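*Asks:* The primary structure of each chain is shown beneath.
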Amino acid sequence: MPQYAVLIYERVPPEELPAEVMEAHGALPGRIAEAGGRTIAGLALAEPSTATSIRDGLLTDGPFIETKEVLGGIFMIEARDLDHALELAKMTPIVDGGVEVRPLIGFQVLEDS
Amino acid sequence: MLAASVRVTRDLDAAEESVQEAYVAALQAWSRDGVPARPGAWLTTVARRNALNAMARGRTLRAKLPLLIEPETTDMDEPNEIPAIPDDRLRLVFTCCHPALSREAQVALTLRLVCGVSTTDIAHAFLVAEPTLAARLTRAKKKIAAAGIPYVVPGPADLPSRLDPVLTVVHLLATTAHVAPTGDALVRVDLADRALDLARMLHALLPAEPEVAGLLALLLVHHARRATRTDADGRLALLEDQDRSAWDRAAIAQADALVVGALGAAPPGRFALQAAIAALHAQAASVEETDWPQILALYDELQRVWPAPVVALNRAVAVAMVDGPAAGLAEVEAIERAGELAGYRYLPSTKADLLRRLGRHEEAAEAYRNALALTENAAERAFLGERLA
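If you're matching them up, the sequences are chains A and B in order.
Just so you know, our numbering puts 66 at position 66 of the first sequence, and the rest follows in order with no gaps.
Just so you know, our numbering puts 47 at position 47 of the second sequence, and the rest follows in order with no gaps.
Keep in mind the hints are simulated off the structure, nothing from the lab.
Model, not experiment: these values are computed from the prediction.
Treat the hints with care, as some may be off.
[Stated by the list, open to error] The calculated lysine-lysine pairs, modelled on DSSO-like cross-linking and capped at a C-alpha distance of 27 Å, are:
no. : chain 1 : residue 1 : chain 2 : residue 2
1   : B       : LYS143    : A       : LYS90
2   : A       : LYS90     : A       : LYS68
3   : A       : LYS68     : B       : LYS142
[Claimed, not checked] Quick list of simulated restraints, FRET-style, between CB atoms:
no. : chain 1 : residue 1 : chain 2 : residue 2 : range
4   : B       : ALA204    : A       : GLY36     : 49 to 55 Å
5   : B       : GLY385    : A       : THR60     : 43 to 49 Å
6   : A       : THR67     : B       : ALA373    : 34 to 40 Å
7   : B       : GLU366    : A       : ALA46     : 55 to 61 Å
8   : B       : SER161    : A       : SER53     : 52 to 58 Å
9   : A       : GLY106    : B       : VAL260    : 51 to 57 Å
[What the hints assert, rightly or not] Anything over 12 Å on all C-beta distances counts as not near chain B; from chain A, calculated:
no. : residue
10  : MET1
11  : LEU45
12  : PRO93
Note that the Cβ used here is the ideal one computed from N, Cα and C, for glycine as well.
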């Protein structure tokens, strides 16, 4: 099945997300599986003030692009097609923001050998 | 025929090339053996087989040559064509109008792939440079393939939300034709015909959908009045001056029947309501005899389901007819203050007309000048110019 990245954008920083939202995130892979998709992997990012950006060798404190809604996490799913991927992505618990759904060209986890 | 190939390849470019190869093969075979009894079916079968072969070889085809879409009006269309064809056309329309594509991509794709309009003509109609439009089409097709937009007719649960962009695109085609924004012709007839054909096709394929019936009714009324929108010299004719006897009464009658069905939905949708308003105008013997109170009531309903500022402006015209120009002007000024119709030429032109009727000629003149500054259509400019004098 085709693979998609779902990018989570929130105005609320990750450590301020209420407990029930965190629980809903935890339950998401199960709901996605029930709807005929599959969660392959997920990344939860620490809040943007902890980021360091590098451009042309110069360091900046903070994210690469300053946005009001910050990238909080990315998860990778398998879905039948875009309509299915969008249906699954809509299940993502969001407090104040939204998601972006983008097709994956490739996804690989490199194992320690 | 393109639609049938797309069903096989799921890749619009590959489908285009299969169709093209089918035509080439047809020319060779038919000059040798004569035209077969059902040429349309022959072409479709060949195109499908080509598509399957292409996929089997795993080629990715990029068609540089102009797309040879079978025009809808050629003799090759058989009435008893392979039954799958109408479904394929519906699939193609819904794919071209997928909400994941931008409105301009939806419009360009629909015109190119469903209506078979050339890239050049689409570029002219929407005042875009041809390479820009070609790039827009390429990006859209790429998105369909890369993002995996499925080639399906949406299921019943999704149909209402998926239908809205389709109807909006077809309506956009008709209204772009209705008053061409620049250039000399007030009505660009070709796009209007395409839009009407599309609406007819949609209604034939989705007879139970009230908004589809509503759209068709609306376009039929526009079509019925087309002959009289400009006078013999191509100048804009006011509704009150149009020769109503020249309106296509058969089309209006068809529209009336459709409107009754379309208003059956609860609540009635925006196309059904717009069609009802257009039908009321068309039924009246003159502007004075038009049922303006009912039109105003319909606009109130329309605003509820479609709270767009353009609707408010049209409603203000109805208010003026029912409660007098001062009341209408108050509505228009409120819309103006809200600022959402800033570049829209019909706002100052409406305001100008109301001011004129109130005898406030200096302010009217200024409003007409504002409208003139926003209008590039020659027939409209001539009309506004005359009003100024």
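*Asks:* Run every hint past the structure and note whether it holds.
*Replies:* Hints, verified against the model:
Taking the CA atoms of LYS143 of chain B and LYS90 of chain A, the gap is near 20 Å; set against the 27 Å cutoff, the hint holds. At roughly 21 Å between alpha-carbon atoms, LYS90 of chain A and LYS68 of chain A fall within 27 Å of each other, so this suggested pair holds. Between LYS68 of chain A and LYS142 of chain B the alpha-carbon distance is near 30 Å, which puts this suggested pair outside the 27 Å criterion. ALA204 of chain B and GLY36 of chain A have their C-beta atoms about 33 Å apart, which leaves the hinted 49 to 55 Å range violated.
Roughly 58 Å separates the CB atoms of GLY385 of chain B and THR60 of chain A, a value that falls outside the hinted 43 to 49 Å. At about 38 Å, the CB distance of THR67 of chain A to ALA373 of chain B agrees with the hint of 34 to 40 Å. A hinted range of 55 to 61 Å holds for the C-beta pair GLU366 of chain B and ALA46 of chain A, which are about 59 Å apart. Between SER161 of chain B and SER53 of chain A the beta carbon distance is about 39 Å. The supplied range of 52 to 58 Å is therefore violated.
The hinted window of 51 to 57 Å between GLY106 of chain A and VAL260 of chain B holds, with their beta carbons roughly 56 Å apart. A cut-off of 12 Å between C-beta atoms contradicts the statement that MET1 of chain A is not in contact with chain B; the least separation is 9 Å. The Cβ of LEU45 of chain A lies farther than 12 Å from every Cβ of chain B, with a closest approach of about 24 Å, so its non-interface assignment holds. Residue placement check: PRO93 of chain A keeps its beta carbon more than 12 Å from all beta carbons of chain B (closest about 22 Å).
This entry does not satisfy hints 3, 4, 5, 8 and 10, going by the numbered hints stated previously.
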